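Using the sequences and the hints given, assemble the complete structure.
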Amino acid sequence: MPITTAEQLASIRTGTLEDKVNYLLDHTAIVDLVQRYGQATDTHDFKLLRTCYGDEIEVDHTPTIGGGLFRISADKWCRLAEKFHGQLDGDEHIMIPQSIVIDGDNASCHVLMHASHYYRKANGSPYQTIAGTYDMNVVRTKAGWKIAKSVQKLHFAEGNWQFHEEIKSSLGNLEDA
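Numbering (this note's numbering), first residue to last: 32 to 208.
Incorrect hints may appear among the rest.
[Stated by the list, open to error] Here are the simulated BS3-like cross-link-like pairs (lysine-lysine), alpha carbons at most 27 angstroms apart as the crow flies:
no.	residue 1	residue 2
1	K114	K51
2	K180	K107
3	K173	K78
4	K177	K107
5	K180	K78
6	K152	K114
7	K199	K107
8	K199	K114
9	K78	K177
10	K199	K184
11	K173	K107
12	K199	K180
13	K114	K78
14	K78	K184
15	K177	K114
16	K107	K152
Keep in mind the hints are simulated off the structure, nothing from the lab.
Here the structure is a predicted model, which is why all the values come from computation and not from measurement.
See the structure below:
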């Protein structure tokens with residue numbers, strides 16, 4: 032299996048036309064999945080967010096919500112997202128897939144993330160911005176590509192982190208959601 036996008040592209044170049052078209056279709060579908068994830072979060076459309084996942088997912092968003100790596104139903108995960116992001120007055124997630132490596136019905140995707148949050152009720156500044164990455168494992172299903180695992184890393188945060196902590200505390204125990 033190729034380990035980088037560049038290696039995968041090099042191997043695809045020698046493939047058949049059908050291989051090339053299938054690769055482009057899969058790559059485009061995974062980019063769409065990542066963009067849909069960001070759009071659903073920003074618009075607080077949690078039904079749309081639910082379309083990004085299969086029935087269960089593994090999540091490690093320790094930098095922003097704690098909890099370490101855990102397995103959760105996608106329905107519960109989307110309810111948590113609604114509970115968290117629904118309290119905000121505005122979100123903006125810029126999600127850029129930096130590499131996608133496809134291996135049959137599985138793929139890995141490294142995503143650059145820049146997220147701004149606005150919370151009018153904050154004590155202090157209503158603004159907070161975080162930047163980091165998501166490493167996602169995605170799987171092909173009958174309904175298209177779905178996120179199976181998401182690991183978040185935080186590179187930096189600026190602004191009022193306190194309101195983020197206040198909203199996070201309203202989530203309670205993540206595994207009991």
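Consistency of the hints with the structure:
1. K114 to K51: violated (42 angstroms)
2. K180 to K107: Since the Cα atoms of K180 and K107 sit roughly 15 angstroms apart, the hinted pair holds (cutoff 27 angstroms).
3. K173 to K78: The given pair, whose Cα atoms are some 18 angstroms apart, holds under the 27 angstroms limit.
4. K177 to K107: Between K177 and K107 the Cα gap is close to 16 angstroms, so the pair holds against 27 angstroms.
5. K180 to K78: holds (19 angstroms)
6. K152 to K114: Holds, because 16 angstroms separates the two Cα atoms, which is no more than 27 angstroms.
7. K199 to K107: With Cα atoms ~15 angstroms apart, K199 and K107 stay inside 27 angstroms; holds.
8. K199 to K114: holds (9 angstroms)
9. K78 to K177: holds (14 angstroms)
10. K199 to K184: Holds: K199 and K184 sit about 17 angstroms apart, inside 27 angstroms.
11. K173 to K107: Holds, at about 22 angstroms.
12. K199 to K180: holds (21 angstroms)
13. K114 to K78: holds (13 angstroms)
14. K78 to K184: Holds: K78 and K184 sit about 25 angstroms apart, inside 27 angstroms.
15. K177 to K114: Status holds; Cα separation ~22 angstroms.
16. K107 to K152: holds (26 angstroms)
In the structure shown, a violation is registered for the earlier hint numbered 1 alone.
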